[in-house]
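Student: For the sequence shown, my numbering gives the first residue as 803, with consecutive numbering after it.
The hints are simulated quantities; they were obtained by calculation from the structure and are not laboratory data. Treat the hints loosely; a few may be bogus.
Unchecked claim - Within a straight-line C-alpha distance of at most 20 Å, the following computed EDC-like cross-link-like pairs (lysine to aspartate or glutamate) qualify:
id, residue 1, residue 2
1, K890, D936
2, K811, D901
3, K943, E929
4, K855, D901
5, K811, D828
6, K890, E925
7, K890, D828
Said to hold, decoys possible - Distance ranges between label pairs, derived from CB positions:
id, residue 1, residue 2, range
8, T858, Q882, 15 to 23 Å
9, S873, A848, 17 to 25 Å
10, Q829, L849, 27 to 35 Å
A virtual CB, placed ideally from N, CA and C, is assigned to each residue, including glycine.
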Amino acid sequence: MISKPSLNKELWQEAVSNWYQSRKHDQVEDLLPLLQSPPNEIWGPALSSFQQKGLTCWLDGCLRAHQHFSSTGHPDDSYQYLNFAIAKLQQVASDCDVDIEIKTWCVQRLDQLIILALEFCSEQGEEWKQEQFDQIEAHVKFMTRYPYKQKNGEV
């Protein structure tokens with residue numbers, strides 16, 4: 803994936819909204835550039851309505867790309883978008899300047915994405931067993947290294 807310069811947040815949101823409204827969910831080619839270069843505001847650090855909607859749309863887009871490539875016989879591309887989402891959410895969750903509500907959202911989604919990644923690896927057969935193990939190890943290391951605290955102070 804080669805990153806292109808980001809559109810400003812209004813143009814990016816408009817482009818994503820247009821993609822959804824056109825109901826071309828099986829045509830992810832138009833969505834991929836938007837996933838690869840979202841505006842920095844979706845990652846935080848402050849919580850805003852744009853940030854919430856943008857991050858949600860971005861993650862949904864990554865999952866749609868994952869599903870598209872998986873269903874069209876491109877498991878490596880599919881897995882790449884799944885790992886892209888995992889990596890970006892880990893980055894946001896570990897950023898000390900990001901609002902705790904954004905971190906909370908990211909960590910909750912990370913758990914779901916890891917389960918999805920493990921299921922995906924399992925479906926690919928024996929040659930993906932090591933990748934499945936590596937996903938577990940990486941997630942445990944991440945969660946150990948970046949313990950996440952909720953507002954009530956629980957770990």
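Student: So, for every hint listed, does it hold in this structure?
Tutor: Here is what the structure says about each hint:
Proximity of K890 to D936 is assessed by CA-CA distance (about 18 Å); at most 20 Å being required, the pair is judged to hold. A hinted pair counts as satisfied when its Cα atoms are at most 20 Å apart, and K811 with D901 qualifies at roughly 19 Å. Pair hint K943 plus E929 does not hold up; C-alpha atoms about 23 Å apart against a cutoff of 20 Å. Proposed proximity of K855 and D901 is supported: the alpha carbons are some 15 Å apart, at most 20 Å.
Note on K811 and D828: the hinted pairing is violated, with a Cα-Cα distance of about 24 Å set against a maximum of 20 Å. The hinted pair formed by K890 and E925 fails the criterion: a straight-line CA distance of about 24 Å is larger than 20 Å. The hinted pair formed by K890 and D828 fails the criterion: a straight-line CA distance of about 24 Å is larger than 20 Å. Here the CB-CB span from T858 to Q882 is close to 21 Å, well matched to the stated 15 to 23 Å.
In this structure, S873 and A848 break the distance hint of 17 to 25 Å, their C-beta atoms being roughly 37 Å apart. For Q829 and L849, the Cβ-Cβ distance of about 32 Å falls inside the hinted range of 27 to 35 Å, so the restraint holds.
The structure fails to meet hints 3, 5, 6, 7, 9 from the earlier list, while all remaining hints are met.
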